[in-house]
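Visitor: As a plain string of letters, each chain reads:
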Amino acid sequence: MQTVFEGKAWPLLRDGKLIDDIDTDMIYHNSHLAITDIKQMGQYALGNLKGYESFAKEAKPGDIVVAGQNFGSGSSRQQAIDCFKSLGIGCVLVMSIGAISKRNAINSGYPLFIVEQIDLGALKTGDTIRVDIDKLEITKAGQKVGSLAPISKVQRDILEAGNVFEYAKKL
Amino acid sequence: MPKTMIEKILQAHSKEDVNAGGIVWIDIDVRSARDFGGANVVKAFNQHYPGDKVNDVSKTVFTFDCNVPANTIAYASNQHACRKFARGQGIKVFDCDAGIGSHVAIENGLVVPGSTMVGTDSHLNILGAIGAFGQGMGDQDIAFVFRAGKTWFEIPETMKIDIKGKLPKGCTAKDLTLKVCGTLTSKGALGMAMEFYGEAIDSLDLAGRITLASMATEMGAIAPMIPPSKDILKFCGKASGKKVEGVFSDKGAKYAKEITIDISNLKPQIAKPPKPDNVVDVESLKDIKVDSVFIGSCTNGTYDDLARAAKLVKGRHVKEGILASVVPATMAGYKRLLKEGHIATFVEAGFLVSNPGCGGCASGQIGMTGKDEVQVSTSNRNFAGKQGDGFTYLASPDTAVASALLGRIATAEEVK
Ligand code: SF4
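Chains A and B are the protein sequences, given in the same order.
FYI, the numbering for the first sequence is -13 to 157, going by the working numbering.
FYI, the numbering for the second sequence is 7 to 422, going by the working numbering.
Read the hints as simulated data drawn from the structure, not as lab findings.
Each statement offered as a hint is correct.
Distance ranges between label pairs, derived from CB positions:
#  : chain 1 : residue 1 : chain 2 : residue 2 : range
1  : A       : PRO136    : B       : GLY373    : 51 to 59 Å
2  : B       : PHE389    : A       : LYS36     : 25 to 33 Å
3  : A       : ILE24     : B       : ASP23     : 34 to 42 Å
4  : B       : LYS90     : A       : LEU157    : 24 to 32 Å
5  : B       : ALA18     : A       : LYS121    : 32 to 40 Å
6  : B       : SER64     : A       : THR(-11)  : 36 to 44 Å
7  : B       : ALA350    : A       : GLN55     : 56 to 64 Å
8  : A       : LYS155    : B       : LYS248    : 28 to 36 Å
9  : B       : LYS90     : A       : GLU152    : 21 to 29 Å
10 : B       : ASP62     : A       : THR114    : 43 to 51 Å
11 : B       : PHE389    : A       : GLU39     : 29 to 37 Å
Over 12 Å on every C-beta distance to chain A, these chain B residues come out as not near it, computed from the model:
#  : residue
12 : GLN17
13 : LYS90
14 : GLY96
15 : ASP101
16 : ILE265
17 : ASN271
18 : ASP297
19 : GLY327
20 : MET337
21 : GLY347
22 : GLU354
23 : GLY376
24 : PHE389
Mimicking PhoX-like on lysine-lysine, the simulated pairs with C-alpha atoms at most 25 Å apart in a straight line are:
#  : chain 1 : residue 1 : chain 2 : residue 2
25 : A       : LYS88     : B       : LYS49
26 : B       : LYS244    : B       : LYS98
27 : A       : LYS25     : A       : LYS(-6)
28 : B       : LYS175    : B       : LYS278
29 : A       : LYS156    : B       : LYS21
30 : B       : LYS21     : A       : LYS155
31 : B       : LYS49     : A       : LYS25
32 : B       : LYS21     : A       : LYS88
33 : A       : LYS130    : A       : LYS110
34 : A       : LYS139    : B       : LYS14
35 : B       : LYS65     : A       : LYS155
36 : B       : LYS59     : A       : LYS156
37 : B       : LYS98     : B       : LYS249
38 : B       : LYS260    : A       : LYS139
39 : A       : LYS126    : A       : LYS46
40 : A       : LYS155    : B       : LYS59
Nothing here was measured: the structure is a model prediction, and the numbers come from that model.
Note that beta-carbon positions come from the ideal geometry of N, C-alpha and C, so glycine has one too.
Construct the complete structure from the given sequences, taking the supplied hints into account.
Guide: Structural data, given as C-alpha cells:
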C-alpha cells in the first residue's frame, strides 16, 4: 500500500486562503454526468471552479490537490472523486469533506486525507510536497509544513484492498 | 468514557473503540433490500461477486413495500429479479403481501433493542423506536454488506431532547412529532443521533414511538434513539423469542446539544406543504377545503393508529366528494383490524382500504394527487411531487379522519 505521496502542490486558493465549500458541481459539473468511462472524466476536473478552469490541462500525474472546508458537499456523484483518479492526481488533501463524498472517496479506495493543520505561507502552488500517512506529516524539502488527522482503520483496510468491494473478497 | 445510546449499540458490534467522530467497522445483524433499490443491489452483487454466496442468509432479507403489487412492468421486473436471486441464495423474501419492511422487522422480531440493520430504505432509522440502530444506504453499499456482513460507519454525535410536560388530551404522538420537527426544522439535527427523554416519551406505546422515530429523517438526523420502556422490551422479547435487555446511554455521556421542548399546552399540529417543518396549529387552517385524505405509511399505519382512527370514524361517513383511503403498514396489522371489525367500519364510512404497504407514500400504490389537489396525509413528507402534483398537509390520523368527515382541515374535537 502506498503510504508516501510526493508531488507538486495545488492549493486551491482565493485571496490567499484555501477555498471552502467547493461543491460537487464545481468539482465535476452536472453537464458531464452522462460519462461513464473513468478515462474521460479527468478533463472536466475542477472545470467549474473559478480560477481553476484550466486545472485539468495543467495538472500532472502525481500532483497533490489541497482544498478547504466542506469539500465535495452537494450531490452524491462518484465522478467528483473519480475525476481526480482519472487524472492520476496522487492524493487530495482537504480541511474537511461532505459526508457522501467522504463515503465515496473511502469506498473507491481513493487517497483523500483530512488535514489537521497546514502552513499556507510556506506552501506555494507548484512546490513539491511529501505526504506521509504513517507519520501523518506533510513536508516540503524536509521541513514540516502541515499534519494530517489520524486515518481510520476502515480507510486503511480499504486502501490496502483497492476498494470496498475488493476488501469484502478477502474476508 | 461514558457513551451515548448509539455509541453503546455500535460498540457492541465493533472490535474498534467507538466514539463520536470516529469511523469504525460495525457488524450488521440484519441486511435488507426493498423493491426500490433491490434490483440494483442484486446487479451490483452479481457484478462484484459473481457466483458468491451472501455472508449469512439467515441475516439477509428482501422486503417489498414500495410498489405492492407492482403496478409498472419495471417494478414487477425488479421485484422478480430480487425473487430469483433470493431463491438461488436461499434468502427470505417478505413479498408484496407483507407490508413496510421496517415494521415487518420489528413485528417479527428480526431486530430487537440494541440490534443493527441496514437496507435501501431512507427511513430505516425508524428502528430507533425500539432503541435499535437502523440505517438506509445506497445499493452499492448494501451489495457490499450482503457479501461482507459488516459496513463502516462514521459515529455521529448525539443531541439530547427533553420533552417537558404530558401530552395534552386531544393530542397524539404525531402532534408531538410535528411539534419537534417544527421546532428543530429540517436541519436541526443534521448529521446527529437524537435521544429522547421525558414523561411524555416514557408513556409512548410502540406505535407512538414509531411515529416519532419515523420523522427523524425530516429533521436531518442520522438516527433517532428512544430508550425502550418495559413494555417495548416485553414486546420485542416476545416477537423475537430472545431475552431482550435494551441498551441505554451511560450516566455522564457527552451530548453535542441539549434542548427542551415544552408540550404541556400543545394543540393538534399540521405541516403545510411543501416542507415537513412548516408546522402550525391545525386550528389555524380550518378554512382550507380538502379533496383527499390518506391514512397510513410507516409514520401512522400501525394497528394502533388505524384502530384509533376507526373508533373516531364509527357511525359516520366521509363527506361527499372526498376521496379517503386507508393503508395498513403490515399484514399482521391488517388481519387484526379485519378481525376486530375496523376494516368494515372504514369501508362502511366510505374509505377505500388497500392491502398493506407504503401506500400513498411511494409510487402511488393507492393513487397520487393531481394538480392543485389538497390532501391531508398521515405520512412524513410533503415535498412537491412526493405524493403527486397536489398540496399535501401532514397530520395525525385523528386530524385526517376529522378532515375526511368534514371536507376541510379539522380537529378530532370537532367531530366528537
Ligand atoms: S411509507 Fe413512505 S417514507 Fe415510509 S418507508 Fe414507505 S416509502 Fe418510505
